[in-house]
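Number of protein chains: 2
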Amino acid sequence: MGKLLIVGTVAFDAIETPFGKTDKILGGAATFIGLAASQFDVESAIVSVVGEDFPEEYINLLKNKNIDLSSLEIVKGGKTFFWEGKYHNDLNSRDTITTELNVLADFNPVVPENFKDANVVMLGNLHPSVQMSVIKQMEKKPDLIVLDTMNFWMDNALEELKEVIKEIDVITINDEEARQLTNEYSLVKAAAAIHKMGPKYVVIKKGEHGALLFHNNEIFFAPALPLEEVFDPTGAGDTFAGGFSGYLASTNNISFSNLKNAVIHGSNLASFSVEKFGTARMEDLKREEVNKRLHQFKTLTQFDIKLT
Amino acid sequence: MGKLLIVGTVAFDAIETPFGKTDKILGGAATFIGLAASQFDVESAIVSVVGEDFPEEYINLLKNKNIDLSSLEIVKGGKTFFWEGKYHNDLNSRDTITTELNVLADFNPVVPENFKDANVVMLGNLHPSVQMSVIKQMEKKPDLIVLDTMNFWMDNALEELKEVIKEIDVITINDEEARQLTNEYSLVKAAAAIHKMGPKYVVIKKGEHGALLFHNNEIFFAPALPLEEVFDPTGAGDTFAGGFSGYLASTNNISFSNLKNAVIHGSNLASFSVEKFGTARMEDLKREEVNKRLHQFKTLTQFDIKLT
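Chains as they are written, first to last, in UniProt numbering: chain A, 1 to 308; chain B, 1 to 308.
No lab work stands behind these hints, which were simulated from the structure alone. Incorrect hints may appear among the rest.
[To be verified] Using 25 Å as the maximum straight-line C-alpha spacing, the simulated BS3-like pairs for lysine-lysine come out as follows:
1. A:Lys196 to A:Lys206
2. B:Lys292 to A:Lys298
3. B:Lys141 to B:Lys206
4. A:Lys200 to A:Lys166
5. A:Lys200 to B:Lys298
6. B:Lys306 to A:Lys292
7. B:Lys136 to A:Lys292
8. A:Lys141 to A:Lys86
9. A:Lys292 to B:Lys189
10. B:Lys189 to A:Lys206
11. A:Lys276 to B:Lys76
12. B:Lys206 to A:Lys206
13. A:Lys162 to A:Lys189
14. B:Lys298 to A:Lys206
15. A:Lys298 to B:Lys200
16. B:Lys86 to B:Lys116
17. B:Lys306 to A:Lys298
18. A:Lys189 to B:Lys292
19. B:Lys276 to A:Lys189
20. A:Lys276 to A:Lys196
21. B:Lys189 to A:Lys298
22. A:Lys206 to A:Lys292
23. A:Lys21 to B:Lys189
24. A:Lys306 to B:Lys306
25. B:Lys206 to A:Lys189
26. B:Lys286 to A:Lys306
27. B:Lys292 to A:Lys306
28. B:Lys21 to A:Lys286
29. B:Lys298 to A:Lys189
30. A:Lys298 to B:Lys298
31. B:Lys206 to A:Lys298
32. A:Lys189 to B:Lys21
33. B:Lys136 to B:Lys116
Excised from the complex, chain A in its bound form (with noise of 0.2 Å):
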């Protein structure tokens, strides 16, 4: 069993799609990838901050999943991160109404001790040089530090993103992203120059069209799982993030053939998430549910072409 951190928000969110609308719900990138990531016989802690209206609930929520809170600091007083999104209909593009940073503008991640040799780091997006002051933290050089992050990052601390992309082993990204991050169209040449960059992996992520993984020159390519109906694509993307490290952490297995099997779990765990509002599918989702639906990515995908 490996041990795995993640490092990102605990928030609300507030979601609006085509088949409804939620009050402040619990959401956030750490919260959406420690979900996914226990599904794995993995130890895990979330590092990130919330204010003192964070309710106890969500609190045990994530405990009963044996997650490691204790560097989860609760701001005395403080409001915690709030996001309100509405989705268009065809599910493909959301517009933001409200971001509140509220007490993630002072956030300052401290690593817990029995964390410092964790041997996979999920840094989930936030601003990286808040990423960058975990791996400074870590006692032990991790196995895999896996990043996510986004548009918001290039458009406002694109230097400070570049350092901490040197410093890590794979990177997930959008597809839009990767073309932004290096003025590549093509995905193919945008992973080469995000080689470049440092990452040995490059996972573009393409919502609805799956995820490619990058090595070198190979390539790994895992569908999304086509769904009859997308409830609400909040956290697809971290908990992809989250499935992908947590089965990582788990096997304690970094090879590129292992990296595949984890896009596939991440993508696995991601086609659970959209159906429901915020983590709700998550955290009930039992283990005979996932392994069945591997079985379907199975089917999706393997063909039988006697090759000469």
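Using the hints, position chain B against chain A.
Positioned in the frame of chain A, the structure of chain B alone reads:
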């Protein structure tokens, strides 16, 4: 060795992409289908029409691929169907500049006697009443009738299209067209709706995002091979259809698992087609190159998770 009957346009194309511009070059659905199918051990014939302006050189090119052209009508004094288009910068969309139907306006397909027992019929994109006329001329019920169509016929000949869709086994259609035909946004729901219209198999083409094969509740997905550069997407869908139908005709096996293989073969050939303008890449494509890239498809999609 099976027999493949191909119906579709043989045409002139003039193409502009961000990489360059052509004069009138060889094009047409049946042309691309025939070239792709010629990669397999199959007897094939094209039923189509051209004008007197159609060069001997193009006729010989197709004949040299062992394609029977006895039912390629050459209209004295007539002009060949001409399409001119310009692709946008991302190559995912294009504007039609010119469409001159010419001899295609009065096309009356005549199936050659020795292909009235073809085991696979590939109906390329054409007026649905022309496609229907070909089906009616078959003396022996084919093992598989594959139909390609497009949004133009949904807008202009929907009733005739629905009639021919009732008679066929496999429809190939792109994602937007599947949505238009069924009023379902989810491709899973769209495929289910199309099954009810007749076809046992539904292939939904998503261009650079691959292709989905639906059969009852089973789904198979073939990615498009990630390429450094797509040079000219013209004919990619027809090349896919030619690889799909040519492989099935040559193997004489229409099981679902062999249809999966056919989707991979179609995707594989389409990945070559887009590398040069028009038919250029397909004209001299070697089987060794094709086999080599099949290995890439396997590496791209196959994983090794032990299922429980």
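Each hint tested on the structure:
1. A:Lys196 to A:Lys206: Given pair Lys196 of chain A, Lys206 of chain A holds - Cα atoms ~22 Å apart, limit 25 Å.
2. B:Lys292 to A:Lys298: 23 Å, holds
3. B:Lys141 to B:Lys206: 30 Å, violated
4. A:Lys200 to A:Lys166: With a Cα-Cα distance of about 10 Å, the restraint between Lys200 of chain A and Lys166 of chain A holds, given a limit of 25 Å.
5. A:Lys200 to B:Lys298: 22 Å, holds
6. B:Lys306 to A:Lys292: Distance ~12 Å between Lys306 of chain B and Lys292 of chain A Cα, so the pair holds.
7. B:Lys136 to A:Lys292: Violated, at about 45 Å.
8. A:Lys141 to A:Lys86: Judged against 25 Å, a Cα distance of about 40 Å means the pair is violated.
9. A:Lys292 to B:Lys189: 21 Å, holds
10. B:Lys189 to A:Lys206: Distance of about 21 Å is within 25 Å: holds.
11. A:Lys276 to B:Lys76: With Cα atoms ~64 Å apart, Lys276 of chain A and Lys76 of chain B exceed 25 Å; violated.
12. B:Lys206 to A:Lys206: 13 Å, holds
13. A:Lys162 to A:Lys189: Distance ~18 Å between Lys162 of chain A and Lys189 of chain A Cα, so the pair holds.
14. B:Lys298 to A:Lys206: With Cα atoms ~20 Å apart, Lys298 of chain B and Lys206 of chain A stay inside 25 Å; holds.
15. A:Lys298 to B:Lys200: Since the Cα atoms of Lys298 of chain A and Lys200 of chain B sit roughly 22 Å apart, the hinted pair holds (cutoff 25 Å).
16. B:Lys86 to B:Lys116: Outside the cut-off at roughly 38 Å; violated.
17. B:Lys306 to A:Lys298: 10 Å, holds
18. A:Lys189 to B:Lys292: 21 Å, holds
19. B:Lys276 to A:Lys189: 18 Å, holds
20. A:Lys276 to A:Lys196: 39 Å, violated
21. B:Lys189 to A:Lys298: Between Lys189 of chain B and Lys298 of chain A the Cα gap is close to 21 Å, so the pair holds against 25 Å.
22. A:Lys206 to A:Lys292: 24 Å, holds
23. A:Lys21 to B:Lys189: Cα-Cα ~24 Å, so holds.
24. A:Lys306 to B:Lys306: 22 Å, holds
25. B:Lys206 to A:Lys189: 21 Å, holds
26. B:Lys286 to A:Lys306: Since the Cα atoms of Lys286 of chain B and Lys306 of chain A sit roughly 18 Å apart, the hinted pair holds (cutoff 25 Å).
27. B:Lys292 to A:Lys306: 12 Å, holds
28. B:Lys21 to A:Lys286: Given that 25 Å is the threshold and the Cα spacing comes to 56 Å, the pair is violated.
29. B:Lys298 to A:Lys189: 21 Å, holds
30. A:Lys298 to B:Lys298: 13 Å, holds
31. B:Lys206 to A:Lys298: 20 Å, holds
32. A:Lys189 to B:Lys21: Since the Cα atoms of Lys189 of chain A and Lys21 of chain B sit roughly 24 Å apart, the hinted pair holds (cutoff 25 Å).
33. B:Lys136 to B:Lys116: Between Lys136 of chain B and Lys116 of chain B the Cα gap is close to 10 Å, so the pair holds against 25 Å.
Checked against the numbered hints above, the structure breaks hints 3, 7, 8, 11, 16, 20 and 28 and satisfies the rest.
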